[in-house]
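Participant: Start from chain H and add chain F according to the hints.
So the sequence lines, in the order shown, correspond to chains H and F. To convert, note that position 125 of the first sequence is 156 in my numbering; the numbers rise steadily by one, no gaps. To convert, note that position 311 of the second sequence is 342 in my numbering; the numbers rise steadily by one, no gaps.
Everything labelled a hint here was simulated from the structure, so no lab data went into it. Misleading hints may appear alongside valid ones.
The list treats identical chains as interchangeable, and a pair is accepted whether it falls inside one copy or across any two copies.
[Stated by the list, open to error] List of simulated lysine to any residue pairs, SDA-like, C-alpha gap at most 25 angstroms:
#1 K371 - F440
#2 K190 - D62
#3 K371 - G501
#4 K190 - D296
#5 K371 - S360
#6 K169 - L60
#7 K371 - A504
#8 K190 - T106
#9 K169 - Q116
#10 K242 - R300
#11 K169 - S187
#12 K371 - F441
#13 K371 - L502
#14 K169 - F486
#15 K242 - G61
#16 K242 - L60
#17 K169 - S409
#18 K169 - L138
2 protein chains.
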Amino acid sequence: MTRDNADLTDELEIPEIVDVPEDLEDLALGDDYALNPEYVELVIDAADRGDDDRLRELVGALRSEDVADLMGFLTADYREQVIPQLDSETLGEVLSELDTNLREEVLEGVPSDTLARALEEMDSDDAVDLVEDLEDEKREQVLAAMDQTDRDAIESALKYDDETAGRLMQREVLAAPSFWTVGQTIDHVRAAGDDLPELFFDIYVVDPAYKPTGAVPVSRLLRAQRAQPLAEIMEAVTEIDVAMDQEEVAYIFDKYHLISAPVVDPGGRLVGQITVDDIVGVIQEESEEDILALAGVSDAGRDATIWGIARSRLPWLAVNTVTAAIAASVIGLFQAEIAKLLTLAILMPIVASLGGNAGAQALAVAVRALASRELNASNAARVVWRELGVGVINGLALALLMSVAVFIFFRDPMLCLTVAMALVINLFIASMAGILVPLTLDHLGRDPAVSSSVFVTFLTDFMGFLSFLGLAALILL
Amino acid sequence: MTRDNADLTDELEIPEIVDVPEDLEDLALGDDYALNPEYVELVIDAADRGDDDRLRELVGALRSEDVADLMGFLTADYREQVIPQLDSETLGEVLSELDTNLREEVLEGVPSDTLARALEEMDSDDAVDLVEDLEDEKREQVLAAMDQTDRDAIESALKYDDETAGRLMQREVLAAPSFWTVGQTIDHVRAAGDDLPELFFDIYVVDPAYKPTGAVPVSRLLRAQRAQPLAEIMEAVTEIDVAMDQEEVAYIFDKYHLISAPVVDPGGRLVGQITVDDIVGVIQEESEEDILALAGVSDAGRDATIWGIARSRLPWLAVNTVTAAIAASVIGLFQAEIAKLLTLAILMPIVASLGGNAGAQALAVAVRALASRELNASNAARVVWRELGVGVINGLALALLMSVAVFIFFRDPMLCLTVAMALVINLFIASMAGILVPLTLDHLGRDPAVSSSVFVTFLTDFMGFLSFLGLAALILL
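One chain only, chain H, in its complex shape (with noise of 0.2 angstroms):
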């Protein structure tokens, strides 16, 4: 992939790349672009010899991405070794990339002064980002080390709170009065250098209280005749309250397909933009809270020790030992019934195990839908009777499959008459729960994901129990 890359490199002596020997280019990923295990390996081999100049090499073929990858796969005392082999504005680059967990932790190694000088190449967004996560003294020292510009950016941007518009856009934006020429637009581009974000993909045009009015992207001004006023060529904008949470940020990008947005403040006038490119990263996150938060996990991050992880997990575990042992309660009731017959000892499980899963499934449906904005209130009550008619269908089709399988072993129609009106009845729960679940805590203003599963769990457990052990008593004994 890199073939072409390194003869240009060559040819025009692009710093970055030009002292780098191809091989080890073309051993660092592989066609997918992952870092290569044998790569690690050679790392791992050169900070166990000590050896910094093949540390610098090595480090020095990847792009801040892959070193940044690279830090996830060592331990803490071979990271230890390849930082001091970074020059500043890498190690910017890479600590933007870190995980918040490692991050935390290659950050206090970090002397104030280089990161100080970091900072000031970074874009104003990941700049915050990574004053965040330093510590109280250590942020006072590296925020007293910056130029006062680029400090100013930074204590601006922490008065916004986490997850918020506010913390995502970089205030770096160009904007242009709508009675300007593309000429004029080309012109002031062309002079002012330095003060413009390193990349761009809209100009904004703003009126005279610098609120935006419209927006022309950089290709279209590049297509337009230099004589054309902006007004002309500009489109309408979707503008961002700085206030707004970055999941609705994410589904507003991705539902208009948006590449740059203009962040406004209360007063509608124009302090920054957000980019694609972060949302990017922003959809990535929120989708895998979801996966975890749905299987009662919270991230402890890659590099949290075992005491963390198992402390992160320990809660949902802890919850459900209550929900469990209250279930479990039930059996509790009928245990003359289960010493009269103990083939029911056998069978309840199942019952509590197939509802529970029925649930699981509409759960994740739902809280996909929630999250994709394609359930709401006006569909609600037909997604609700839909599930409901699932839970019945699929709960007829258990019922006739388990009623062959314990009549073939146990050769009791009444037995199976229980088994098959038990699962019925728990996947119509299992289905209820599922969809009204999710729906309820969405409306109460809470994240579906995070609570619903303990929810839906314990009542097909507590159902599956009851409904079978209960028509068991009325039926068989």
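Facilitator: Positioned in the frame of chain H, the structure of chain F alone reads:
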């Protein structure tokens, strides 16, 4: 949010928006840019009255993406009333945004000629998406009605496999030789007009064999002096192979924060480009698939029938019936023990359930880490050991909790010991299964999200019953 846009359209007469009264636009979307349920009601009311003028007005006030959303909230009858109110350009955009199931349904009702016109106006990647969903006969009719160039583009894209870069890419791309200056390139863009993509973010620099050798972001082109050659300002490109799986493409875009990337054929020649707005959709899709797969559901789509949904969920429930039955058959081996001590029947589902939950936790973490390439051969051993450690720690913690509870209720120290030992064993098994099953499936080239749950649940149920009842037989009886 749209105040300024409305002012703007009054002034500029942008055709799609200018005739729309202010109040409808405000009514349509909530603060979070999701379609208001009340607005859906307005549309349903108008459709019930057969008021086509009002329908056209209501639909005209929405952006295409919101019309697509609206379709999702309407039943088929209402949709059939809304579709004729859309002009063919809007129709194309709306069709692009629809979910596959819904789209197939809607496409059936649209005349081939109308569809051909709409397809001609779309970028090739979106057009291919639509054509794919047509039935064979209709597809031929529609392609025959299109002009030659657009038809060729679609037919050649259809030759690439589904879910590959070849399908995702658009063929419209801006390429320039490296000896061109910035000024020459800008002049070329101004002159080229409609042959260029609707929006573009990078200009690809190609050698005489049309192989990409670098890329120039449009914003950098704008900033450079006219006399500068492209070779001096271009940066390295990350090439995407035309056969690459879309999940890998998404990983690369996310990792390197790409806005667009050139797609090359096996000979390394530039054949198209992929832009980040298409990737955002892929990322959403892939993570939704993981959430559903972990729960044993395939997405039947928002508009599937009850039967369709039931059928999509039944296979996993049927498999689970078999595994649950095998796990429960372990209970059958210990009927004599249960008959002697009925308390065993109460406690055994708790042990199995806690194992199941711990397994689901480890599994969700592993699936997420594999998907984001945080887990691979170079840290797998470390992650496995850590999971086993977590299993033992949480097993001990739950053992303590349950021992106390069991002692309070049953006053039997040996029963406490049995439950405690069974819990430690089962949580260890759960951790092991939760990490090793997805790692093994991934190693075999299978999607770890799809079939892991059923293995893990089976193992924790089976071992839960076996460890608890087995230990009870040894210790208590």
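Participant: May I ask which of the numbered hints given earlier this structure violates, with the numbers listed in increasing order?
Facilitator: Checked against the structure, the hints that fail are numbers 6, 8, 14, 17, while the rest are satisfied.
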